[in-house]
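Protein sequences appear in the order of chains A and B.
Number 33 in our numbering belongs to position 33 of the first sequence; there are no gaps in the numbering.
Number 71 in our numbering belongs to position 71 of the second sequence; there are no gaps in the numbering.
In short, the hints are calculated from the structure, not lab data.
Glycine included, every Cβ here is placed at the ideal spot set by N, Cα and C.
Worth double-checking, as some hints may not be accurate.
[To be verified] Capping the alpha-carbon separation at 20 Å, the derived lysine to aspartate or glutamate pairs in EDC-like fashion look like this:
# : chain 1 : residue 1 : chain 2 : residue 2
1 : B       : Lys41     : A       : Glu3
2 : B       : Lys55     : B       : Glu22
3 : A       : Lys104    : B       : Glu59
4 : B       : Lys41     : A       : Asp84
5 : A       : Lys1      : B       : Glu59
6 : A       : Lys42     : B       : Glu22
7 : A       : Lys42     : B       : Asp88
8 : A       : Lys68     : B       : Glu104
9 : B       : Lys41     : A       : Asp39
[What the hints assert, rightly or not] Part of the chain A face toward chain B, derived, beta carbon under 10 Å:
#  : residue
10 : Asn32
11 : Gln38
12 : Phe102
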Amino acid sequence: KQEVTQIPAALSVPEGENLVLNCSFTDSAIYNLQWFRQDPGKGLTSLLLIQSSQREQTSGRLNASLDKSSGRSTLYIAASQPGDSATYLCATCNQAGTALIFGKGTTLSVSS
Amino acid sequence: GAVVSQHPSWVICKSGTSVKIECRSLDFQATTMFWYRQFPKQSLMLMATSNEGSKATYEQGVEKDKFLINHASLTLSTLTVTSAHPEDSSFYICSARSGVGATEAFFGQGTRLTVV
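Pulled out of the complex, with its shape left as it was, chain A reads as follows (with noise of 0.2 Å):
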């Protein structure tokens, strides 16, 4: 059974650095997978997906990378902002067309 487990839980920033959020799923034949970010209380916004053939993607600030033999995905913020508070949920599809499997997720807060 896929685990997906996401290092660390919580993180605090100063505003301007540059961080990286760890996944790491434990059933490396993935379909692909999925970074989101969820605001407190609302739901979640597709940030990045990378699908199983690729190694990495980016949008604007954002960098996932993903290596399947090692079971590892990292989300990279470049020049965190306060407006980046929130936390980041990573989730794998193990096949096409079934449910996601989710971290439990980092808390991120960047302070001004």
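Since chain A is already given, all that's left is putting chain B on it; use the hints.
Leaving out everything else, chain B in the frame of chain A:
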């Protein structure tokens, strides 16, 4: 990206009553939708997979008679929490993919259910 709309965004109900939550795909058709539940400080846990025109598939430990799912059209799935109790208080969120073979999942805004 594709838009998934969930309603209501929050609801407070008395113990013993039933609550219906709607999940709509606004600009695409979704043959499959997923219902998740999230407790405070916890991750999203899949409750059931909703299939248009057929019965939902429930995860182990989720009572199908308590959490009724109806997916009557390609754009609407509903989750009804029957005879709600305080322990059912949680954040419920639905998800859908935009079309056959699509791989990116989009989520509704979530519904905060509080049973008093």
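Let me make sure I understand: some of the numbered hints might not hold for this structure. Which ones are they, in numerical order?
The structure breaks none of the hints.
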